[in-house]
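Chemist: Protein sequences appear in the order of chains P and Y. For what it's worth, this note's numbering labels the leading residue of the first sequence as 77, then goes sequentially. For what it's worth, this note's numbering labels the leading residue of the second sequence as 241, then goes sequentially.
Output of the computed footprint for chain P on chain Y, the stretches with three or more beta carbons under 8 Å from beta carbons of chain P: (1) 365 to 377; (2) 510 to 520.
Between beta-carbon pairs, the in silico distance windows are: (3) P:GLY205 - Y:PHE291: 26 to 36 Å; (4) P:THR348 - Y:CYS281: 14 to 24 Å; (5) Y:LYS538 - P:LEU139: 33 to 43 Å; (6) Y:GLY452 - P:ILE388: 37 to 47 Å; (7) Y:LEU285 - P:GLY171: 52 to 62 Å.
One-sided and incomplete, this derived list gives chain P residues near chain Y with beta-carbon spacing under 7 Å: (8) ILE136; (9) CYS144; (10) ALA172; (11) ILE239; (12) GLN390; (13) ILE394.
These are computed hints drawn from the structure, not numbers from a lab. Built from N, CA and C at the ideal position, the CB exists for glycine as well.
What follows is each chain in one-letter form.
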Amino acid sequence: MDNMERENNEIQEDVAAKSVAPKETEKEIEKASEKETEKKPPKMKKSKGAVGGKTVNVIINILLVIGCLTVFFPLYMTVIIAFKKPSEMTNDVAGALAFPEKWNFDNFAEAMRVTDFWHSLGNSLLLTGVTVGICILLHSLAGYVIGRKMARLKTFKAAYFYIVSGMFVPFAVLMMPLVKQTAQMGIANRVGVIVLYVVFFMPMNMMLYTGYLKNIPIALEEAACVDGATAWQTYWKIIFPNMKPMHATVAVLTAMSTWNDVMTPLVIMSGTDQNTLPLAQLNFQSQFGTNYNLAFASYLLALLPILIFYIICQKQIIGGVVNGAVK
Amino acid sequence: MENEEAKKEKTEKKVKKVKTWSKNDKIFLGILIPVLILFFCFNTLPLIKGFYYGLTNFRGYGNYDFVGLRNFKDLFSDARVGKSYLFTFKYALIMTLLVNFLSLVLALGMNREIKGKNALRGIYFVPNILGGLVVGYIFSFIFTYILPAVGEATGIGFLQNSFLASTKTAWIAIVIVGAWQGIAMNTIIYISGLQTVPDEVYEACMLDGASGWKKFSKITLPLIMPFVTINLVLCMKNALMVFDQIMSLTKGGPSQSTESISYLIYNNGMSGGQFGFQSANAFVFFVVIVVISFLQMKFLGGKEEQL
Numbered sequence: 077m078d079n080m081e082r083e084n085n086e087i088q089e090d091v092a093a094k095s096v097a098p099k100e101t102e103k104e105i106e107k108a109s110e111k112e113t114e115k116k117p118p119k120m121k122k123s124k125g126a127v128g129g130k131t132v133n134v135i136i137n138i139l140l141v142i143g144c145l146t147v148f149f150p151l152y153m154t155v156i157i158a159f160k161k162p163s164e165m166t167n168d169v170a171g172a173l174a175f176p177e178k179w180n181f182d183n184f185a186e187a188m189r190v191t192d193f194w195h196s197l198g199n200s201l202l203l204t205g206v207t208v209g210i211c212i213l214l215h216s217l218a219g220y221v222i223g224r225k226m227a228r229l230k231t232f233k234a235a236y237f238y239i240v241s242g243m244f245v246p247f248a249v250l251m252m253p254l255v256k257q258t259a260q261m262g263i264a265n266r267v268g269v270i271v272l273y274v275v276f277f278m279p280m281n282m283m284l285y286t287g288y289l290k291n292i293p294i295a296l297e298e299a300a301c302v303d304g305a306t307a308w309q310t311y312w313k314i315i316f317p318n319m320k321p322m323h324a325t326v327a328v329l330t331a332m333s334t335w336n337d338v339m340t341p342l343v344i345m346s347g348t349d350q351n352t353l354p355l356a357q358l359n360f361q362s363q364f365g366t367n368y369n370l371a372f373a374s375y376l377l378a379l380l381p382i383l384i385f386y387i388i389c390q391k392q393i394i395g396g397v398v399n400g401a402v403k
Numbered sequence: 241m242e243n244e245e246a247k248k249e250k251t252e253k254k255v256k257k258v259k260t261w262s263k264n265d266k267i268f269l270g271i272l273i274p275v276l277i278l279f280f281c282f283n284t285l286p287l288i289k290g291f292y293y294g295l296t297n298f299r300g301y302g303n304y305d306f307v308g309l310r311n312f313k314d315l316f317s318d319a320r321v322g323k324s325y326l327f328t329f330k331y332a333l334i335m336t337l338l339v340n341f342l343s344l345v346l347a348l349g350m351n352r353e354i355k356g357k358n359a360l361r362g363i364y365f366v367p368n369i370l371g372g373l374v375v376g377y378i379f380s381f382i383f384t385y386i387l388p389a390v391g392e393a394t395g396i397g398f399l400q401n402s403f404l405a406s407t408k409t410a411w412i413a414i415v416i417v418g419a420w421q422g423i424a425m426n427t428i429i430y431i432s433g434l435q436t437v438p439d440e441v442y443e444a445c446m447l448d449g450a451s452g453w454k455k456f457s458k459i460t461l462p463l464i465m466p467f468v469t470i471n472l473v474l475c476m477k478n479a480l481m482v483f484d485q486i487m488s489l490t491k492g493g494p495s496q497s498t499e500s501i502s503y504l505i506y507n508n509g510m511s512g513g514q515f516g517f518q519s520a521n522a523f524v525f526f527v528v529i530v531v532i533s534f535l536q537m538k539f540l541g542g543k544e545e546q547l
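Please take these sequences and the hints and turn them into a complete structure.
Modeler: Below is the structure:
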C-alpha cells in the first residue's frame, strides 16, 4: 500500500515539476527581493563552499522530499475518502489508507446536488472576479493619485497614511457594525460583500501601487501633457498599462484572499440563500452528517478550482504573494 | 513664543501650498475625495459605530440603553473573555515561533544546491493556497479517526484519543493545522530573503574561517532581518485573527477551551445576544492589535542590518 501511495506522490510531483518553468520562478522571486542581486549569483561556488558539500546536500534533498509527504498526506486522504463508499470506511490504519475498491464518481454527483455546487462555484467566481476587477481599476487609480501628489501636498500625504492605517483594523472588529450597516443600506448580499472587499483590501493594494509608482518616470506623464493629453487619458493610456506587473500581484493577492474568505460572506450574506464555495461546506455540515465520503467529495470539489488555478499560474501566484509581503 | 512663531510659519506654508494647487491637483483631489468617502464609510465609520455600540446594552435587536463604560469594565472581569484572550495569545505566540523556526529551516534547506528545487518549492507552497475552513474539516477527520487508529496500531498512548476531544490537547490540533498552512507562506518569504544575500559575503566569511552556526547567526540572520520582521509580523497578525480553523475544528470547544477572540466576537456578538458587550470587546481587540503591531515594528525595526 505504501508503495502505491509513493507512486501516487511521485506522479503528482512530476506534474508539479512540469508545471514550473524551470528557473523562471527563481527569477521571479529574485526580482521580488528588491532587485538587490541583479545578476544571477554563481550558485556552484556556494555549494562547494558549503560545509560538507555534496553529501549534506543530498541528505537535505532526501529530507525535503520526505517532508513533502506532510503536504500530500491530507490531500491523499481527501482524494481516497471522496471516492470510497461508506461501507469501505474502516477503523484500522491499513484500511483507512487503502485505495477505494472502485473509482466511481457517485459521491461527487451527490455532493454537487446536496451543496448546490454550481451555484456556489458561480458565486465564488462572481465575487472573486468582480472584486479583483474593481480593485485593480480603483486601487491603482487611488494609488496613482495619492502617490504622485503626496510628496508635494500634505492633503494627499495625510490621505495616504489614513488609508494605510486601515490595515490595522481586522475584519472581526468591524464585523458587527458592518452587518447592521449593510442591512440598513440594503446591501446585505453579494453587492455588500464586494464593496467590503474593495474597501478592506484598499490599504494593502494602494500601498503596493504607490510603491510601484516610483518605477514609472514622471517624465512620461509630462510628455503626454505636452502632447495635449488630459489627466484622465494620461492615466489610462500611459500609467495603467505601465503598472502591469503590479496588477498581477494585486490580482493574485486579492483573488486568493477573496476566494478563501469565509467570515465576510458568512456574516453579511447569511440572510440570503447564496453560498460561496467554502461557505457551502460550512452550511451543509449538518446534511453531510456522518457520511464522510459525501463530505470529502464536496471538500475536494471546493479545493479543486484553486488547485487547478495554482498548477497553471504557479509562477505568478508565488511571485505575487512574495511581492505583496516584501514590499 | 517660539511655539506661536512655528505655528505661524506652518499656516503660512499651508496658505502657500493651497495657492499653488494647479488644475491638475484639483482633478486629482476630485478622484481622491470619493475614494476617501468610500473608505470612511466602510472602515472608519463602522469602527466608530462599534465603539458606540460598546457603550450600550444592545442585544442585536430591539431597543437599547446607554450604559456608559460598563461593558468595558465588565470585559476585564469576564472569565470567558479572559480565557479567549489567553488562548489567542498562547496560540499566536506558539504559532509565530514554531512556524518561523520551521520555515527558516525549510528555506535554508531549499536555498542550497539541491535537485528539484522549483518543484519542491511549488509543493511546499500548496497548503497556503487552500482555504482554512476546508483544510480544517479535512484535518478534523484525520484527528478524529486516523490518528487514534495509528495510536491503536502502534500502541502510542497519547495518539489513541482524539486531540480534539480533550481541553488539554485541542489547541495543539489547531496549532498543527495553522502551522501546516502558515509554514508555506513564510518559507517562500525566507527563500526570497536568503537570495538577497550576495555570495561574496559567504566567500568573505569562509576566508575568515566562519562556518556553520557562526556563519548563520553572525552573517545570514542579520542580513535577512527585514524578512524575519515581515514574517514575524505577518504570522503574528494572522494567528491573532484565527477564525476559520476554529470554526471547522472545534467551534471553540471542548468547553470553550479553544475560543479565539474573533470566534467569541462572532459567536456571542452575532447570535448570543451580546452585541453591545462584544462590540466593546472588538474595540479593545483593535487597540490590542495596534499596540502589538507598533511594538513589533519598533522592536524589530531597530535590529536590521544593512550591507
